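Engineer: Chains as they are written, first to last, in the numbering used here: chain P, 7 to 213; chain L, 15 to 197.
Note that these hints are calculated values from the structure, not bench results.
Everything numeric in this text was worked out from a predicted model, so none of it was measured.
Hints may be right or wrong, so weigh each one.
[Unchecked claim] Reference excerpt, derived from the structure (chain P facing chain L, CB under 8 Å, subset only):
#, residue
1, 26
2, 87
3, 88
4, 107
5, 114
6, 137
7, 140
8, 154
9, 157
10, 160
11, 161
Glycine residues also receive a C-beta, built at the ideal position from the N, C-alpha and C atoms.
The primary structure of each chain is shown beneath.
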Amino acid sequence: RLRKWQRRIRVSNATERNLAFALSELDRMASALGLPRTVRETAAVVYRKAVDKNLIRGRSIEGVAAAALYAACRQCSVPRTLDEIEEVSRVSRKEIGRTYRFISRELALKLMPTSPIDYVPRFCSGLNLKGEVQSKSVEILRQASEKELTSGRGPTGVAAAAIYIASILCGERRTQREVADVAGVTEVTIRNRYKELAEELDIEIIL
Amino acid sequence: MSESSIKIENVVASTKLAEEFDLTVIESEFEGAEYNKQKFPGLVYRVSDPKAAFLVFTSGKVVCTGTKNVADVHTVVGNLAKKLNSIGIKTIEDPQITVQNIVASADLHTILNLNAIAIGLGLENIEYEPEQFPGLVYRIDEPKVVVLIFSSGKLVVAGGKSPEDCERSVEVVRQQLDSMGLL
DNA sequence: GCTTTAAAAAGTAATCT
DNA sequence: AGATTACTTTTGAAAGC
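Start from the sequences and build out the full structure, keeping to the hints where you can.
Structural biologist: Here it is, written out as structure tokens:
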């Protein structure tokens with residue numbers, strides 16, 4: 007009857023309004039992070055699936071949007087850290103992480119942990135390091151993975167250490183501070199990781 | 015062949031020592047007792063006999079944490095009751111003590127490839143986010159516990175109701191990893 | 001969901017010398 | 001560059017917001 011239709015329209019309006027808000031949030035965050043359209047679209051797909059499965063119940067739209075974007079970056083192999091997502095979102099990193107785990111499980115995203123290799127292109131360009139250094143960094147990371155030097159370690163820290171070593175080996179040295187800043191880790195972490203990599207992979211680093 | 019040599023690191027238990035407590039009185043009589051109602055409804059009291067910490071509530075219920083044995087829980091709860099009696103507070107005779115949670119550590123003595131384990135156990139059954147925490151989280155249904163698996167081969171079992179639960183869960187993990195050739 | 005307790009694992013981080 | 005301290009994760013109960 008009429009009442010039923012009014013209610014349906016009202017719900018529909020609210021649903022559409024919320025979806026529009028979520029999509030604008032995704033756009034805003036993606037723009038702030040300079041993410042390509044494909045990632046925004048992937049994030050929108052993830053968000054819509056979350057809506058279809060009623061996963062937004064008891065959660066904030068901003069939180070689910072941030073988590074969807076975080077997941078989309080990983081699905082597209084252009085990962086952003088939770089800290090980076092937090093900077094452009096209105097929710098805490100704790101909530102983003104918690105929401106990510108939830109939608110990741112409910113939507114069966116089955117994402118492997120982020121690979122340090124996926125951070126190499128972005129970090130290297132941020133350091134103005136070209137292809138040769140990138141290739142060397144990836145080579146080091148492949149060896150590191152084979153020798154079990156990456157399990158349990160932060161992907162950004164391992165990637166940063168590999169880039170630090172590669173930059174020196176390629177004669178385009180970047181300081182630990184410079185690498186640490188683009189990777190968002192501390193110099194201490196780079197030091198710990200590069201010492202381990204250099205030792206275990208028998209890489210001689212002459213400064 | 016299954017000497018898991020589990021080490022119990024912490025035991026959490028709950029009990030009821032009275033129908034009600036006047037936490038303000040206990041706070042003034044027990045040295046070191048902390049009680050801030052607006053901060054937390056329970057009074058915090060630490061003992062060092064066997065080391066332990068209590069959370070005492072106005073309802074008469076008590077939570078005991080920090081002991082390394084199930085037996086120590088009974089010891090320290092008994093001591094707490096005696097201490098309460100000594101300042102004129104009566105307590106229930108044979109309080110029913112329930113172990114709510116046991117945290118234990120173990121060692122598989124092998125370096126582990128957590129990515130391989132994540133795939134082997136199934137991405138839908140585990141949580142592994144090295145960006146946030148170095149351990150892989152594996153939830154087991156029987157016994158119902160959570161096992162944190164580290165690349166060093168060290169394990170942390172949380173949520174067990176008995177030491178046996180912890181030992182069994184370590185065996186479950188060891189057997190599963192072994193059957194997949196990941197040990 | 002948060003607050004408080006204790007405890008281990010290993011990585012990362014902040015601060016001080 | 002160390003050394004220290006501290007926070008990340010997991011578990012569980014308690015009473016109340």
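Engineer: Would you mind marking each hint as holding or not holding in the structure?
Structural biologist: Now the hints, each set against the structure:
no., hint, result
1, 26, "violated (31 Å)"
2, 87, "holds (6 Å)"
3, 88, "holds (7 Å)"
4, 107, "holds (6 Å)"
5, 114, "holds (6 Å)"
6, 137, "violated (26 Å)"
7, 140, "violated (21 Å)"
8, 154, "holds (5 Å)"
9, 157, "holds (4 Å)"
10, 160, "holds (6 Å)"
11, 161, "holds (6 Å)"
Violation of the numbered hints given earlier is confined to hints 1, 6 and 7; the remaining hints are satisfied by the structure.
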